[in-house]
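Undergrad: Chain by chain, the residues:
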Amino acid sequence: GIQVEQSPPDLILQEGANSTLRCNFSDSVNNLQWFHQNPWGQLINLFYIPSGTKQNGRLSATTVATERYSLLYISSSQTTDSGVYFCAVVKAAGNKLTFGGGTRVLVKP
Amino acid sequence: GAVVSQHPSWVICKSGTSVKIECRSLDFQATTMFWYRQFPKQSLMLMATSNEGSKATYEQGVEKDKFLINHASLTLSTLTVTSAHPEDSSFYICSARQVREKLFFGSGTQLSVL
Numbered sequence: 065g066i067q068v069e070q071s072p073p074d075l076i077l078q079e080g081a082n083s084t085l086r087c088n089f090s091d092s093v094n095n096l097q098w099f100h101q102n103p104w105g106q107l108i109n110l111f112y113i114p115s116g117t118k119q120n121g122r123l124s125a126t127t128v129a130t131e132r133y134s135l136l137y138i139s140s141s142q143t144t145d146s147g148v149y150f151c152a153v154v155k156a157a158g159n160k161l162t163f164g165g166g167t168r169v170l171v172k173p
Numbered sequence: 607g608a609v610v611s612q613h614p615s616w617v618i619c620k621s622g623t624s625v626k627i628e629c630r631s632l633d634f635q636a637t638t639m640f641w642y643r644q645f646p647k648q649s650l651m652l653m654a655t656s657n658e659g660s661k662a663t664y665e666q667g668v669e670k671d672k673f674l675i676n677h678a679s680l681t682l683s684t685l686t687v688t689s690a691h692p693e694d695s696s697f698y699i700c701s702a703r704q705v706r707e708k709l710f711f712g713s714g715t716q717l718s719v720l
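Top to bottom, those sequences are chains Y and G.
Convert by adding 64 to the 1-based position in the first sequence; the result is the number in this note's numbering.
Convert by adding 606 to the 1-based position in the second sequence; the result is the number in this note's numbering.
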């Protein structure tokens with residue numbers, strides 16, 4: 065199956081800092097989504113981004129499908145940004161969403 | 607965005623009993639739903655794909671007789687953990703596919719088997 069690797073596994077930030085999370089995948093995809101899992105387990109859709117660049121407030125994401133990676137940018141981080149960020153992909157011609165290992169983010173006040 | 611409702615949010619049961627978890631797409635029809643399992647501080651692992659009106663497709667290593675999945679309508683899929691044991695304790699989360707491959711997730715169910 066497709067491999068999805070996220071880095072770094074853990075990230076500690078001071079409030080107000082910027083950061084970049086990376087997601088590498090091993091095969092062509094027709095779906096890539098970024099999620100934020102809050103402390104209660106709820107998965108929040110951040111971006112549906114199989115290619116290109118999108119922005120939503122302080123968050124933005126870029127997927128370079130030809131090079132098989134995606135980046136999630138967090139600017140001016142806040143303590144509420146803490147949690148686990150997951151990248152998940154669907155292999156081209158497939159239908160299953162495969163998750164990366166996640167990046168655990170802690171934003172300190 | 608689309609809403610997927612999952613309940614119960616948490617359940618505690620005795621070993622040997624069965625537990626049913628419901629997953630509903632509230633404002634769209636979902637021909638396909640997925641069930642995931644997540645252990646503490648780990649990623650989500652796909653257990654099975656639930657297709658409306660047909661049998662579920664289970665991932666390798668998932669016991670289909672222990673984890674019964676029923677997708678009876680375009681808005682409801684259920685996961686029943688049969689004869690639960692402590693090792694079945696986990697966080698279970700469902701998702702439903704909307705158009706263009708985008709998936710939305712329920713809020714999850716924390717199962718604790720005593």
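Calculated directly from the structure, the hints in this document are not laboratory data.
Note that the structure is predicted; figures quoted are calculated from it, not measured.
Don't take each hint at face value.
Computed list of lysine to aspartate or glutamate pairs in EDC-like fashion (alpha-carbon distance at most 20 Å, straight line) [said to hold, decoys possible]:
{"id": "1", "chain 1": "G", "residue 1": "K620", "chain 2": "G", "residue 2": "E665"}
{"id": "2", "chain 1": "Y", "residue 1": "K118", "chain 2": "Y", "residue 2": "D74"}
{"id": "3", "chain 1": "Y", "residue 1": "K160", "chain 2": "G", "residue 2": "E665"}
{"id": "4", "chain 1": "G", "residue 1": "K670", "chain 2": "G", "residue 2": "D694"}
{"id": "5", "chain 1": "G", "residue 1": "K708", "chain 2": "Y", "residue 2": "D74"}
{"id": "6", "chain 1": "G", "residue 1": "K626", "chain 2": "G", "residue 2": "D694"}
{"id": "7", "chain 1": "G", "residue 1": "K708", "chain 2": "G", "residue 2": "D633"}
{"id": "8", "chain 1": "G", "residue 1": "K708", "chain 2": "G", "residue 2": "D694"}
{"id": "9", "chain 1": "G", "residue 1": "K626", "chain 2": "G", "residue 2": "D671"}
{"id": "10", "chain 1": "G", "residue 1": "K647", "chain 2": "Y", "residue 2": "D91"}
{"id": "11", "chain 1": "G", "residue 1": "K620", "chain 2": "G", "residue 2": "D694"}
{"id": "12", "chain 1": "G", "residue 1": "K647", "chain 2": "G", "residue 2": "E658"}
{"id": "13", "chain 1": "Y", "residue 1": "K172", "chain 2": "G", "residue 2": "E669"}
{"id": "14", "chain 1": "G", "residue 1": "K647", "chain 2": "Y", "residue 2": "E131"}
{"id": "15", "chain 1": "G", "residue 1": "K672", "chain 2": "G", "residue 2": "E693"}
{"id": "16", "chain 1": "Y", "residue 1": "K160", "chain 2": "G", "residue 2": "E693"}
{"id": "17", "chain 1": "Y", "residue 1": "K160", "chain 2": "Y", "residue 2": "D145"}
{"id": "18", "chain 1": "G", "residue 1": "K708", "chain 2": "G", "residue 2": "E669"}
{"id": "19", "chain 1": "G", "residue 1": "K670", "chain 2": "G", "residue 2": "E693"}
{"id": "20", "chain 1": "Y", "residue 1": "K172", "chain 2": "Y", "residue 2": "E69"}
{"id": "21", "chain 1": "G", "residue 1": "K661", "chain 2": "G", "residue 2": "D633"}
{"id": "22", "chain 1": "G", "residue 1": "K620", "chain 2": "Y", "residue 2": "D74"}
{"id": "23", "chain 1": "Y", "residue 1": "K172", "chain 2": "Y", "residue 2": "D145"}
{"id": "24", "chain 1": "Y", "residue 1": "K155", "chain 2": "G", "residue 2": "E665"}
Anything over 10 Å on all C-beta distances counts as not near chain Y; from chain G, calculated [to be verified]:
{"id": "25", "residue": "E628"}
{"id": "26", "residue": "T655"}
{"id": "27", "residue": "G667"}
Residues from chain Y shown here face chain G by an in silico Cβ test under 10 Å; the list is partial [what the hints assert, rightly or not]:
{"id": "28", "residue": "P72"}
{"id": "29", "residue": "L75"}
{"id": "30", "residue": "N95"}
{"id": "31", "residue": "Q97"}
{"id": "32", "residue": "F99"}
{"id": "33", "residue": "L107"}
{"id": "34", "residue": "R132"}
{"id": "35", "residue": "Y133"}
{"id": "36", "residue": "Y137"}
{"id": "37", "residue": "L161"}
Just so it is clear, CB atoms sit at the ideal spot from N, CA and C, and this is done for glycine as well.
Undergrad: Please verify whether K708 of chain G and D74 of chain Y have alpha carbons no more than 20 Å apart.
TA: Status violated; Cα separation ~27 Å.
Undergrad: Quickly compare the C-alpha distance for K160 of chain Y and D145 of chain Y to 20 Å and report which way the hint goes.
TA: Roughly 27 Å between the alpha carbons, so the hint for K160 of chain Y and D145 of chain Y is violated.
Undergrad: Hint validation: F99 of chain Y versus chain G, beta carbon distance must be below 10 Å. Holds or violated?
TA: Hint on F99 of chain Y: holds, closest Cβ of chain G at ~8 Å, below 10 Å.
Undergrad: Hint check: K647 of chain G vs E658 of chain G, CA-CA at most 20 Å. Holds or violated?
TA: The hint is violated at about 32 Å.
Undergrad: K661 of chain G and D633 of chain G were given as a pair; does the straight-line alpha-carbon distance stay at or below 20 Å?
TA: Given pair K661 of chain G, D633 of chain G is violated - Cα atoms ~24 Å apart, limit 20 Å.
Undergrad: Tell me if the straight-line CA distance from K626 of chain G to D671 of chain G falls inside 20 Å.
TA: holds (14 Å)
Undergrad: Under the criterion that the straight-line Cα-Cα distance not exceed 20 Å, is the pair K670 of chain G, E693 of chain G satisfied?
TA: holds (16 Å)
Undergrad: For the hint on Q97 of chain Y, just tell me whether its beta-carbon gets within less than 10 Å of chain G.
TA: With a minimum Cβ separation of about 7 Å from chain G (threshold 10 Å), the hint on Q97 of chain Y holds.
Undergrad: Does D91 of chain Y lie within 20 Å of K647 of chain G when you go C-alpha to C-alpha?
TA: Outside the cut-off at roughly 26 Å; violated.
Undergrad: Would the pair K620 of chain G and D74 of chain Y pass a check requiring their Cα atoms to be no farther apart than 20 Å?
TA: violated (36 Å)
Undergrad: Verify the proposed pairing of K155 of chain Y with E665 of chain G, using a straight-line Cα cut of 20 Å.
TA: holds (16 Å)
Undergrad: Compare the distance between the alpha carbons of K708 of chain G and D633 of chain G with 20 Å, and conclude whether the hinted pair is satisfied.
TA: At roughly 14 Å apart (the allowed maximum being 20 Å), D633 of chain G and K708 of chain G satisfy the hint.
In summary, the numbered hints that this structure violates are 1, 2, 5, 8, 10, 12, 13, 14, 16, 17, 18, 20, 21, 22, 26, 28, 29, 34, 35 and 36.
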